[in-house]
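**Q** For reference, the chains in residue letters:
There are 2 protein chains.
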Amino acid sequence: MNGFNTEQLFGTLDAIKETPEIAKFQFRANNKWISGGHNRSTIKGFYGGCQEDISRNKSFVFDNSEPPILLGNNEGANPVEFVLHALAGCMTTTMMLYASTHGIEVESVESKLEGDLDVQGFLGLDKTVRNGYQNIGISFKIEGNLSDVQKQELLQFTNNSPVFDIVTNKVPVNFSLQQD
Amino acid sequence: MNGFNTEQLFGTLDAIKETPEIAKFQFRANNKWISGGHNRSTIKGFYGGCQEDISRNKSFVFDNSEPPILLGNNEGANPVEFVLHALAGCMTTTMMLYASTHGIEVESVESKLEGDLDVQGFLGLDKTVRNGYQNIGISFKIEGNLSDVQKQELLQFTNNSPVFDIVTNKVPVNFSLQQD
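These protein sequence lines are chains A and B, in that order.
According to the numbering used here, the first sequence is numbered sequentially starting from 6.
According to the numbering used here, the second sequence is numbered sequentially starting from 6.
These are calculated hints, taken from the structure and not from any lab test.
Any given hint might turn out to be false.
The list treats identical chains as one, so a pair stands whether inside a single copy or across any two.
DSS-like cross-link-like pairs, simulated, lysine-lysine; straight-line CA separation at most 25 Å [unchecked claim]:
no. : residue 1 : residue 2
1   : K29       : K63
2   : K117      : K156
3   : K49       : K146
4   : K146      : K117
5   : K49       : K29
6   : K175      : K132
7   : K117      : K37
8   : K63       : K117
9   : K63       : K146
10  : K132      : K29
11  : K117      : K175
12  : K49       : K63
13  : K49       : K117
14  : K37       : K49
All chains, please: the whole structure from these sequences, using the hints.
**A** Quick look at the structure:
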């Protein structure tokens, strides 16, 4: 349903109920500075289901950069745009996963996101302005044989999204220098 | 310095001090569900410097997906991995921007990130477990003709990063259905 193998989905839920340890994941990324505001991440391995994952034959590679107005040459989207991408994707996947476990079939989902950011904060020019997004708006267009009540239910499912939690709540970030 | 045009950099800082309005940005993304945990974002236009940006000839396109253990086929990195990519890139760019305004020349920067996530929260199997990352670790390897004090200073610069703020603090996210 909705592109999920529901037999596998319910099987996974049962397996986690029996052995909660398999629910613990560690995701990873490596990043390397190239020049100015341009840098590159490689993403491949992760831990989950009590083992190192070996399903990926090659790494995902993504470049962060900046547009000219932010002193770059558009070698990639910028980091705060990647946050919008992650948020949209996670809220959508969460909606569709919950839709599938609740037996709601959906035809199409699209979303538009807008994030407001005043760079005076980040540049240290005005300490009263926060460094990150002041707010993010996301609007969904959901289509299918669905009542208004079901569409509202689908919308509420998105709040279980991990990235929604990461963005709307606080995550501790420990930063350090690697020892030589 | 460090790949930044410092004349342009200081010019930008002066321009914002004179006209704070140009510091207001709105970044955007559009996302479309494909199937199951697979969806695609397109990112192109944004508002900043008191106008719509026209520097990008084509959109950036990124796919979110999941590995088999999370019911996908690795059509893309997953959303929480994109968060690590965004965080690494933003902290690195911020470090290098501040290094440049402080006259510190750096040869290379690499970082490794790890994020711990227990999917029992997200799946609604254990309400005591949060849905997003429980914590994120990021370690930097910085090289150049630098003292230990300077390396620590560079490390502290990363805390001004917009994505660091977004992840470690709360951002309000307004979600809604598009009206037909």
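**Q** Run every hint past the structure and note whether it holds.
**A** Hint check results:
| no. | hint | result |
| --- | --- | --- |
| 1 | K29 / K63 | within (23 Å within a copy, 39 Å between copies) |
| 2 | K117 / K156 | within (16 Å within a copy, 40 Å between copies) |
| 3 | K49 / K146 | between (32 Å within a copy, 20 Å between copies) |
| 4 | K146 / K117 | within (9 Å within a copy, 37 Å between copies) |
| 5 | K49 / K29 | within (17 Å within a copy, 35 Å between copies) |
| 6 | K175 / K132 | both (20 Å within a copy, 17 Å between copies) |
| 7 | K117 / K37 | between (30 Å within a copy, 9 Å between copies) |
| 8 | K63 / K117 | between (30 Å within a copy, 18 Å between copies) |
| 9 | K63 / K146 | between (34 Å within a copy, 24 Å between copies) |
| 10 | K132 / K29 | between (38 Å within a copy, 15 Å between copies) |
| 11 | K117 / K175 | both (24 Å within a copy, 21 Å between copies) |
| 12 | K49 / K63 | within (7 Å within a copy, 27 Å between copies) |
| 13 | K49 / K117 | between (28 Å within a copy, 12 Å between copies) |
| 14 | K37 / K49 | both (15 Å within a copy, 24 Å between copies) |
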